[in-house]
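Since the structure of chain A is already known, use the hints to place chain B on it.
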Amino acid sequence: MYTNNCVINTVCRNILFRSSIYMQRRWKSKKVHWSVLAKKKYPVDKALEHFDDFYKTVFGRKWPSIRLALLSPHKYCAVINNFGDSDTVVSDLQNIGAMNIRTLFELEKENIKTKKNEERRRRDLEKIFKLDRKLEQMAITKQQEEFESLYPHRESSEGTSVSADILNRSSSDTSHGISDNINREDDAESNRDGMSQKSLQSSLREAEFDSHRLIDPASGLSAGALYEYVPATRLKGMEDWIVESQHYGYYRKDTDFPVCVESDNDFIFPVHLQVLLFERGNISSFPSPKRGSTDVLNYYLMDGASLLPVLALGVNPGDRVLDMCAAPGGKSLLILQTLFPARLVCNDVRESRTNRIHAVIKQYLYNDDMWKNQLFITQRDGRDIDECDVYNKILVDVPCTTDRHSLHENDNNIFKPGRTKERLQIPEMQAELLSHALKLVQPGGTVVYSTCSLSPIQNDGVVHMALRKVWEETDIQVIVKDMTAALEPIECVYKLGHDLGLKYGHLVLPFIPCNFGPLYFCKLVRTK
Amino acid sequence: MHSLRRASLVLLVWRRTCSCQNGTNATKWKDRILGYSSMMGRESHRYYCTAVSNSSEQDTIHRLEDPRVVSLLEMTVKEGVTPSDVINALDISPELLNRSPLQWENCFKELKLYGFTQRHCLSMVAAYPYLFTLLENNELNLSMAQWMNCQLGYDNVLDLLAACPHFLSVTGNELSRRIPLLLSLGKSRGKNVVKLLQNCPGVLFANWKDVEAKLDYVEKVMKIDTKKENLTKCYMFNRSLDEIQTRHIFLQRAGIYVTPGKVKGTKVEQRQQPWSKNPSLSHITDTSDEMFISEVAPDLTLEELEVFREMYKEELDMEDNSENEDELYDGE
Numbered sequence: 001m002y003t004n005n006c007v008i009n010t011v012c013r014n015i016l017f018r019s020s021i022y023m024q025r026r027w028k029s030k031k032v033h034w035s036v037l038a039k040k041k042y043p044v045d046k047a048l049e050h051f052d053d054f055y056k057t058v059f060g061r062k063w064p065s066i067r068l069a070l071l072s073p074h075k076y077c078a079v080i081n082n083f084g085d086s087d088t089v090v091s092d093l094q095n096i097g098a099m100n101i102r103t104l105f106e107l108e109k110e111n112i113k114t115k116k117n118e119e120r121r122r123r124d125l126e127k128i129f130k131l132d133r134k135l136e137q138m139a140i141t142k143q144q145e146e147f148e149s150l151y152p153h154r155e156s157s158e159g160t161s162v163s164a165d166i167l168n169r170s171s172s173d174t175s176h177g178i179s180d181n182i183n184r185e186d187d188a189e190s191n192r193d194g195m196s197q198k199s200l201q202s203s204l205r206e207a208e209f210d211s212h213r214l215i216d217p218a219s220g221l222s223a224g225a226l227y228e229y230v231p232a233t234r235l236k237g238m239e240d241w242i243v244e245s246q247h248y249g250y251y252r253k254d255t256d257f258p259v260c261v262e263s264d265n266d267f268i269f270p271v272h273l274q275v276l277l278f279e280r281g282n283i284s285s286f287p288s289p290k291r292g293s294t295d296v297l298n299y300y301l302m303d304g305a306s307l308l309p310v311l312a313l314g315v316n317p318g319d320r321v322l323d324m325c326a327a328p329g330g331k332s333l334l335i336l337q338t339l340f341p342a343r344l345v346c347n348d349v350r351e352s353r354t355n356r357i358h359a360v361i362k363q364y365l366y367n368d369d370m371w372k373n374q375l376f377i378t379q380r381d382g383r384d385i386d387e388c389d390v391y392n393k394i395l396v397d398v399p400c401t402t403d404r405h406s407l408h409e410n411d412n413n414i415f416k417p418g419r420t421k422e423r424l425q426i427p428e429m430q431a432e433l434l435s436h437a438l439k440l441v442q443p444g445g446t447v448v449y450s451t452c453s454l455s456p457i458q459n460d461g462v463v464h465m466a467l468r469k470v471w472e473e474t475d476i477q478v479i480v481k482d483m484t485a486a487l488e489p490i491e492c493v494y495k496l497g498h499d500l501g502l503k504y505g506h507l508v509l510p511f512i513p514c515n516f517g518p519l520y521f522c523k524l525v526r527t528k
Numbered sequence: 001m002h003s004l005r006r007a008s009l010v011l012l013v014w015r016r017t018c019s020c021q022n023g024t025n026a027t028k029w030k031d032r033i034l035g036y037s038s039m040m041g042r043e044s045h046r047y048y049c050t051a052v053s054n055s056s057e058q059d060t061i062h063r064l065e066d067p068r069v070v071s072l073l074e075m076t077v078k079e080g081v082t083p084s085d086v087i088n089a090l091d092i093s094p095e096l097l098n099r100s101p102l103q104w105e106n107c108f109k110e111l112k113l114y115g116f117t118q119r120h121c122l123s124m125v126a127a128y129p130y131l132f133t134l135l136e137n138n139e140l141n142l143s144m145a146q147w148m149n150c151q152l153g154y155d156n157v158l159d160l161l162a163a164c165p166h167f168l169s170v171t172g173n174e175l176s177r178r179i180p181l182l183l184s185l186g187k188s189r190g191k192n193v194v195k196l197l198q199n200c201p202g203v204l205f206a207n208w209k210d211v212e213a214k215l216d217y218v219e220k221v222m223k224i225d226t227k228k229e230n231l232t233k234c235y236m237f238n239r240s241l242d243e244i245q246t247r248h249i250f251l252q253r254a255g256i257y258v259t260p261g262k263v264k265g266t267k268v269e270q271r272q273q274p275w276s277k278n279p280s281l282s283h284i285t286d287t288s289d290e291m292f293i294s295e296v297a298p299d300l301t302l303e304e305l306e307v308f309r310e311m312y313k314e315e316l317d318m319e320d321n322s323e324n325e326d327e328l329y330d331g332e
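Residue numbers (UniProt numbering), protein chains in the order written: chain A, 1 to 528; chain B, 1 to 332.
Treat the hints with care, since some could be wrong.
[As the list claims (entries may be wrong)] Dumping the calculated DMTMM-like pairs for lysine to aspartate or glutamate here, alpha-carbon to alpha-carbon at most 25 Å:
| no. | chain 1 | residue 1 | chain 2 | residue 2 |
| --- | --- | --- | --- | --- |
| 1 | B | LYS223 | A | GLU49 |
| 2 | A | LYS290 | B | GLU314 |
| 3 | A | LYS56 | B | GLU269 |
| 4 | B | LYS220 | A | GLU49 |
| 5 | A | LYS56 | B | ASP299 |
| 6 | A | LYS46 | B | GLU269 |
| 7 | B | LYS262 | A | ASP52 |
| 8 | A | LYS40 | B | GLU319 |
| 9 | A | LYS41 | B | ASP225 |
| 10 | A | LYS41 | B | GLU319 |
| 11 | B | LYS277 | A | ASP52 |
| 12 | B | LYS264 | A | ASP52 |
Honestly, the hints are just simulated from the structure, not real lab data.
The following block holds chain A by itself, in its conformation from the complex (with noise of 0.2 Å):
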């Protein structure tokens, strides 16, 4: 209606004018009125609403944080091209600052696993010096009163100063756990044990010791009861007994059906693959990639979270890996540039999104004859791929509302009014795809579910319920792989998000000091 008005006065001002008669000029059209647009909501407004009312009471006092490095400039990674001129890009790389995450990894590794030494190897002291103190104390209270029975009218001076003499000669004897010889009265002995008291102290931190060993003396008091101990290594009629907090591991309170958690302890980051990036607080960023001697580009720029669910998938030589919605194919070319895959497909369910993936091919590797029998790019919905059994590897990065940038790009934004049945869909599409995913890998293999978006329904919802589709509708199983522990060493690099009630995956949380993700994924390896 505007738009006829506004026709119709132009015609009429124009006759007008060429009458020369004057007219009043109207106002232009009340969509472009400043105060119209500074009112208007854009996508991303709406986006961010969604998101302060949701993500608040799910995260707390975490939000603020989050928030403020959602709506800040994203952090980089560099990921190097093997098939470039690697080895001076890595150098130049690293004069301007950056840092191999591989050595990082390694590193931190190392220093956990000494942490971790020491604490246990001070616990066990510990425990030691606690029971010594106490077979001394136990020595003292007997030693007087033997004293007393024998000598009832002897001073309780004498008694101490005579015990305590006694007490230095069997404290030699407590490093072992195991002391009788009180009543030893020999002075070449007491003299041996002497020297070896004086150096007791450095001795026991060299000390090879069997923590299982050490008896605590108020428990095992008669003497017979210390010598008759001996270790069992099995318990008869026990074969069938599991320990009750792994069986409760297997039920859930809240899910109607089994869920089998098991801990991975760590992941291995592949030998060949390179990946540079800035410390935590270090704001620089990586100049745009250029091409090297083999006509490809140097290194390819892309999330630092997005290494996470590749180095879950466990690639190994010789592995037939799906990436199921592989657009725009960063994760497909970190998968590529392991070395290791046998056999690499690239899956999208559109055109213009597998043109993509061919046109990062393109600048990453240079001979695609070379790769004709290893990688393929396919176009299909993944739910209606039917190469059962093949696959021992699947990446499932599903389609999800991209809070990131959702936030930042009004074109084509996920939270449009027009495509809010879609959004709403989101979580089931997802669910299909994830069960899909589990029917078709081989038994033995890993599926990823990653990403990257925020939202727990779009997460542990999802995988919450492919698991339970998958129980009900085949006898598949599948266990969740919890990797906490394999985690612990990244976390020097990535915020990770902890006590946020997440079931079955991992979360990186966008943090300004490190401005990675958000991501989410979650490990499922099916058994049978």
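Showing chain B alone in chain A's frame:
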């Protein structure tokens, strides 16, 4: 009275000679002075000796060796100024010793004529020794007249000049240009302007465009109602615009500062709006980094503030560069 005072001074001299000859015996001569002072009726003499006994022995000996200090102390004691204050003033501005007690006396007399108290006189002289020169060149009268001309209120101006004596050197032109602008800021109240100048002395000399830019930012971007918020109470103008902007954007992106909107409603409804919980302007601009984090943004850390500051500086630099490029392009 005079003879007793002279005697105490003589004792000091005697003490000096004794210490030169043999080892120090501090307590004896202090006791004697204290003893004489107890015979004097006036409080000021007791203070004189207390000051002598409180300060470190070496300092006092050193000071009292200087005859200029002694004569100065004599003069100021007459004016009713405590000797310890004088010694502190000399610590602050040692060049004051170059002025004779007569000059001091004249200065005090002139300032008292305007209504400044003894304490004010001493603090002004200590903070701004150039005051003596102003007096000698007969510029003090002119300066005081110019200030009184600004219509800020006589007592207000006295308070201001006692706190910031260097304002006496500001020329009449500068004052006549700047004070009306500040009056518009301070809602035409002299007391507000004086408070503002005491908190942010730089506002008198700063480029008015910078001051306006800060005001614009507060009004148009932060959307703070400057009619309700008394800008003269905070130290905002001491901070650069970049600092104010960095802190504001830090809070805005974290969701702690919500840009106020125009909502018509009752007062209760206004209080229920999310921006009613915004931190006040003085909390944002007047706090140190540690205080800012602990009081205004307790869910964030100092590390995040420091990294954000670096990051935002780069964003601002990029914006400036792109604006400059646009100008160049338009110019072509």
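Handout entry: Violations among the numbered hints, reported as their numbers in ascending order
Key = The structure conflicts with no hint, since it agrees with every one listed earlier.
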